[in-house]
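S.K.: What follows is each chain in one-letter form.
2 protein chains.
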Amino acid sequence: MGLFTRDIKTMNDLFLHQLQDIYYAEQQLTKALPRMADKATDPQLKQSFLTHLEETKNQVQRLQQVFKMHGAEIKAVDCPAIDGIIEEAEDTAGDVDDKAVLDAALISAAQAAEHYEISRYGTLVAWAKQLGRNDCANLLAKTLEEEKATDQKLTSMAESKVNLRAAS
Amino acid sequence: MGLFTRDIKTMNDLFLHQLQDIYYAEQQLTKALPRMADKATDPQLKQSFLTHLEETKNQVQRLQQVFKMHGAEIKAVDCPAIDGIIEEAEDTAGDVDDKAVLDAALISAAQAAEHYEISRYGTLVAWAKQLGRNDCANLLAKTLEEEKATDQKLTSMAESKVNLRAAS
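Chains L and B are the protein sequences, given in the same order.
Okay, so the first sequence: first residue is 316 according to this note's numbering, each after it adds one.
Okay, so the second sequence: first residue is 316 according to this note's numbering, each after it adds one.
Read the hints as simulated data drawn from the structure, not as lab findings.
Check before you lean on any hint, since a few could be wrong.
Each pair may be met inside one copy or between any two copies, as identical chains are not told apart.
Said to hold, decoys possible - In silico DSSO-like cross-links for lysine-lysine, where the CA-CA straight-line distance does not exceed 30 angstroms:
| hint | residue 1 | residue 2 |
| --- | --- | --- |
| 1 | Lys468 | Lys346 |
| 2 | Lys476 | Lys463 |
| 3 | Lys476 | Lys444 |
| 4 | Lys383 | Lys361 |
| 5 | Lys414 | Lys390 |
| 6 | Lys476 | Lys457 |
| 7 | Lys390 | Lys457 |
| 8 | Lys414 | Lys383 |
| 9 | Lys324 | Lys476 |
| 10 | Lys346 | Lys324 |
| 11 | Lys468 | Lys324 |
Given these sequences and hints, build the entire structure.
M.R.: Here's what the structure looks like:
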């Protein structure tokens, strides 16, 4: 998007812009998740990051499908939000001394990323429906449900054991 | 936090770090919300940003109270996540030509910020409980509920009229 031009003229342009934004975000997450899995100590948490990595790769393909269905070029735009979330996750993780505390920090960081995606996909589903594109909305809603399920799984893991271990 | 030191040694340190992070984030939002209210066209949306600004100022004070209850210095640390979310909100808003489309973009941006806060406060409540600080958890849970309510209100406004107007 240009600095002195206003490139988003319609709701459809806005929808495409947000699609390009989350496409970039998902790609960044496919790079960040293996690093998070490396750092995790709890085997279930490590596995959960690896499982979500596979899911994220599939979500990238699903986005490509939405671009195609919509007749639009597959394209990413910079997303300072996800860059900030990942930067913060890595800064904080780098500051943690204790392995059990690090696991708690990693879950928190992953949930910040999940919530970013939940908000973006929630909006995309609503906009796709408003634009009469229920086909796109249905595909995007699948990802939205996966992100919500991942967030729930992380909450359960934190509350059932990771926080307990970190505080002991 | 130092580049070559590992300052977070315990769960309590991690809790305080996250408190300092969200304290910074809330302060940034008290600066961003008036700009969002200025840009909004729909009077109800404009009012909703101004109402949330007052709520946010109160949340800042609530955080100061939690720092005090916890016997910790009131302090903020940089939060690249909220900086990224706000930067992206302003970049996108600056790119939108049509006023109705801009309202839809502003709601989406505000919901990304709400979801960041929902994730952070959710974690803080869980960690405070784990640390045996139900007094802090109760205060933080009040803010969590306000953020969830704001997110819901934005969804209703988007789905009942703003998206409709933007797509027409």
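S.K.: Decide, hint by hint, whether the structure agrees.
M.R.: Cross-check of the supplied hints:
| no. | hint | verdict |
| --- | --- | --- |
| 1 | Lys468 x Lys346 | within (21 angstroms within a copy, 34 angstroms between copies) |
| 2 | Lys476 x Lys463 | both (20 angstroms within a copy, 26 angstroms between copies) |
| 3 | Lys476 x Lys444 | between (40 angstroms within a copy, 13 angstroms between copies) |
| 4 | Lys383 x Lys361 | neither (34 angstroms within a copy, 36 angstroms between copies) |
| 5 | Lys414 x Lys390 | between (39 angstroms within a copy, 25 angstroms between copies) |
| 6 | Lys476 x Lys457 | both (29 angstroms within a copy, 25 angstroms between copies) |
| 7 | Lys390 x Lys457 | within (21 angstroms within a copy, 41 angstroms between copies) |
| 8 | Lys414 x Lys383 | between (44 angstroms within a copy, 28 angstroms between copies) |
| 9 | Lys324 x Lys476 | between (49 angstroms within a copy, 19 angstroms between copies) |
| 10 | Lys346 x Lys324 | between (33 angstroms within a copy, 27 angstroms between copies) |
| 11 | Lys468 x Lys324 | between (39 angstroms within a copy, 26 angstroms between copies) |
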